[in-house]
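Student: Okay, here's what each chain looks like letter by letter:
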Amino acid sequence: MKARCVLPLLTLLCFLPRFVAAVVVAPMTDAEWFAKSNKILVLEYESPLGGKEGAQLSQLLGWMALATASGIDQFAVVTLQQTETHLELTDANVKSLGERQHAAVVIWGEFYQQAGRVFVTSHLRYTPQTSGRDRGPNAGKFSWNISQLNIAERTEAYASLPSSQINFSPIEISTADLSSLQEVWRKTVIIRLQPDEASAKLGELSLATPYSVGETANGWTRVSTKERSGWVRWADLSGLSDFKDLTGVLQYAQGLMQFLTGNPRGAEETFKRYLGKYAARQDPMNKAVAHLFAGYSGMKGAVDWEFSIKQFETAKALLPNASSPANCMALVLFAKAARAALNENETLSLEKNLIRAVQTESDVDSIRNLEILYQLPQAEAYFKKKNANFVQARDRQLTVLRNLEQQAHREPNG
Amino acid sequence: MPRTPVDIKPAKPPKSIARWVAGVVGVCSGAATIYGLFSNKRIIIPAFIGMIFAMVLLLVVQRAIRAVSAKDAKFYDLVVKIVIGFVVLYFIVLTAALFPFLLKWLTADSEQIQHSSATPSATQSSAEPSLARVTEACQSPAEQCTVFLFDYLNAQLAEDEFQGFQIIQVDRLNKGIRAHLASADLLKGIDFRVARCSATKIKETSVADRTIKAMKAPAIMWGVIQKLPDNKLVSTTFITWIDDQVRQIGGTRNELGVDLTQVLEIKGSVLAMASFIVGNVHMKAGKPEFARKAFLHAKELAVQVDEGDRLDFLTALNHRLQQLDAQNPVASLQPIGGGNP
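Chains as they are written, first to last, in my numbering: chain S, 2 to 415; chain R, 6 to 346.
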């Protein structure tokens, strides 16, 4: 009897349209949209001279994100627009909007017009802890299980990201003038009955109405509300040369979302593509974080130590005074140590880099990773070779480091 | 027609005209050289060449006077005429080249006259602004760390175009610098801003020195905007900043051509300076780790500071880092494996 009831239900579920994504354009004051989704939040781009183009640009960007996304479960894009009371997009306000929407990735920016051309700068903020998945003291950090190394009181090693904000180099949208941007925007909001330009127009995507995003066919995407369902043409966006430079921002965001939703192989590939195609013009922080994600995703996905070491070394060269690449290097060497031998150069170089990170930033992860390194059986031989009184020297260093760690706990960095 | 004895005159060198020409060119070139020494060193070379020509002309005229009765008088007459022609031509070219500077000088003078009007506006300026008025008009809220950008000196742009430039300039500096500092993880709660100050225009470093002292701002930015013959805008920005003393970073030139992407990307001395300022704020707030991070970042960017100001900037930076190292409990931590961290 029970089986007879369950079977039709399962059959029905199989034939129901499978909505994998959702999108909404809403006012900036709105409460959270799509509570259980993995969200990218796109905020209205600002111009010091005003204009509607910022809102249209952010909508297009949101739809492009949906049109180009892959390998992200329960994906949603929330685009927020300014209301009558303008909200300045300061760091604090961007953070607050991200937290309210529980969005791990927030994209915003500025645009300037000159001689009929549009110039756009974009920023991205990545705060995985705001997605609500992990809220502990080590939330959002890269981590590696080191229980196999048998270090007293240590089962995990950590590395923080060097920054939660990524800036992108200014780009020019090569449309002849702003009316082209508006023309593109107008096309993308039209909902048609069938995936065909000649098909009947059902209406337009409207503000504060959430749409589920379904299957795609020939560049058309099905969007549905409770009341109706239709097709919009977003695929054109990804092929538009006018917006091709914005694809770099979206690819970065996609890589982060893939990583966050447990798809490290996807993230690794996305960041590799980004580094190959879009990173050349970007600032050192932008490139370094992409290398760190590629390297760490490589550790998680393919367990390719040498690839990861190379990525972290590149990040270190880009950010010579940051502790993050040194800590990432510690993670990959600890991971390697559990399965293979470390070499002398790697070990001694890691010690120097971690000490520098401790001296520069009093970074807690660096302090702990240095403590782990000093207790690593594989490293002991190399240190003994350099210092006959290694045990005494190590104990002195460990005492200093433990005091520092306690002090850091008492005075946590803001 | 055969010449009569009346037509035949002895070849006299043009004594007075040649001397006058040589004198005028000499004085003008001398003045241009002095101006160039203080304001624009590129002017010095042509002005100096002008002075040499004037001196050569004077010498030749002197020789010609002596040789007036000699048989080679005709030759000196020809030489003097050629030199006069060449000097006049050179003088005309030099005057044309210096015309924009002359125009700027004249307009700046007229701006000084406007200063007497009661209500300050964006287009007004003065050589010696009323400091009380400036500090009142351009105050930083207590919770903010504000660098003020004074309206640029402008002699060529129409009002609309100038206001458009000024709005974009403030916005790009404010958002660009803040975004850079946030990305480098240096802000840590500091509300760093670049704000516009239209209360006056600053013309020279001595005025900037007095203004920054009166305002108690960590730095001020000021400069000049010019239009090139091909209609490109060129801004030259100076930074006056306070460390233990007032210092200058000068002459960052930005060409605002058709491609804004080059300008929107904030680079160079502005970012180095902003990192230094943020480091100072952290240091005063008793956060040495954040301060050290900011100073080290400023040091990474110091290569982008103009060569003439770099040494001064690095001296100030190294002094701060030494102060921090003296209080760093782990400064003496050395690798067991040997070498330096």
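What the hints contain is simulated information worked out from the structure, not anything from laboratory work. Keep in mind that this is a model prediction, so the values were computed, not measured. Please note: incorrect hints may appear among the correct ones.
To be verified - In silico DSS-like cross-links for lysine-lysine, where the CA-CA straight-line distance does not exceed 30 Å:
hint: 1; chain 1: R; residue 1: Lys-193; chain 2: S; residue 2: Lys-353
hint: 2; chain 1: S; residue 1: Lys-353; chain 2: S; residue 2: Lys-386
hint: 3; chain 1: R; residue 1: Lys-292; chain 2: S; residue 2: Lys-96
hint: 4; chain 1: R; residue 1: Lys-208; chain 2: S; residue 2: Lys-142
hint: 5; chain 1: S; residue 1: Lys-311; chain 2: R; residue 2: Lys-272
hint: 6; chain 1: R; residue 1: Lys-218; chain 2: S; residue 2: Lys-96
hint: 7; chain 1: R; residue 1: Lys-193; chain 2: S; residue 2: Lys-142
hint: 8; chain 1: R; residue 1: Lys-272; chain 2: S; residue 2: Lys-273
hint: 9; chain 1: R; residue 1: Lys-218; chain 2: R; residue 2: Lys-208
hint: 10; chain 1: S; residue 1: Lys-245; chain 2: R; residue 2: Lys-237
hint: 11; chain 1: R; residue 1: Lys-237; chain 2: S; residue 2: Lys-53
hint: 12; chain 1: S; residue 1: Lys-317; chain 2: R; residue 2: Lys-292
hint: 13; chain 1: S; residue 1: Lys-202; chain 2: S; residue 2: Lys-245
Stated by the list, open to error - From chain S, some residues computed to sit far from chain R (all C-beta separations above 10 Å):
hint: 14; residue: Leu-150
hint: 15; residue: Pro-321
hint: 16; residue: Thr-348
hint: 17; residue: Ser-363
hint: 18; residue: Gln-398
Note that the Cβ used here is the ideal one computed from N, Cα and C, for glycine as well.
Student: Starting from Lys-202 of chain S, check that the Cα of Lys-245 of chain S is at most 30 Å away, please.
Tutor: Judged against 30 Å, a Cα distance of about 28 Å means the pair holds.
Student: Taken at face value, is the distance from the CA of Lys-96 of chain S to the CA of Lys-218 of chain R at most 30 Å?
Tutor: violated, 35 Å
Student: Assess, step by step, whether the Cα of Lys-317 of chain S is no farther than 30 Å from the Cα of Lys-292 of chain R, and give holds or violated.
Tutor: OK: Lys-317 of chain S and Lys-292 of chain R at ~24 Å, within 30 Å.
Student: Assess, step by step, whether the Cα of Lys-193 of chain R is no farther than 30 Å from the Cα of Lys-142 of chain S, and give holds or violated.
Tutor: holds, 18 Å
Student: Taking 30 Å as the top limit, are the C-alpha atoms of Lys-292 of chain R and Lys-96 of chain S close enough?
Tutor: holds, 23 Å
Student: Need the status of pair Lys-193 of chain R, Lys-353 of chain S: alpha-carbon distance at most 30 Å?
Tutor: holds, 27 Å
Student: Is the nearest Cβ of chain R still more than 10 Å from the Cβ of Ser-363 of chain S?
Tutor: violated, 5 Å
Student: Verify that the Cβ of Thr-348 of chain S lies farther than 10 Å from every Cβ atom of chain R, and report whether the claim holds or is violated.
Tutor: violated, 7 Å
Student: Holds or violated: Lys-272 of chain R with Lys-273 of chain S, Cα cutoff 30 Å?
Tutor: holds, 27 Å
Student: Holds or violated: Lys-311 of chain S and Lys-272 of chain R, Cα atoms, limit 30 Å.
Tutor: Holds, at about 28 Å.
Student: Does the alpha-carbon distance linking Lys-237 of chain R and Lys-53 of chain S stay inside the 30 Å limit?
Tutor: holds, 28 Å
Student: Is the claim that Leu-150 of chain S lies outside the interface with chain R correct, judged by CB distances over 10 Å?
Tutor: holds, 19 Å
In this structure, the hints that do not hold are numbers 4, 6, 15, 16, 17, 18, in rising order.
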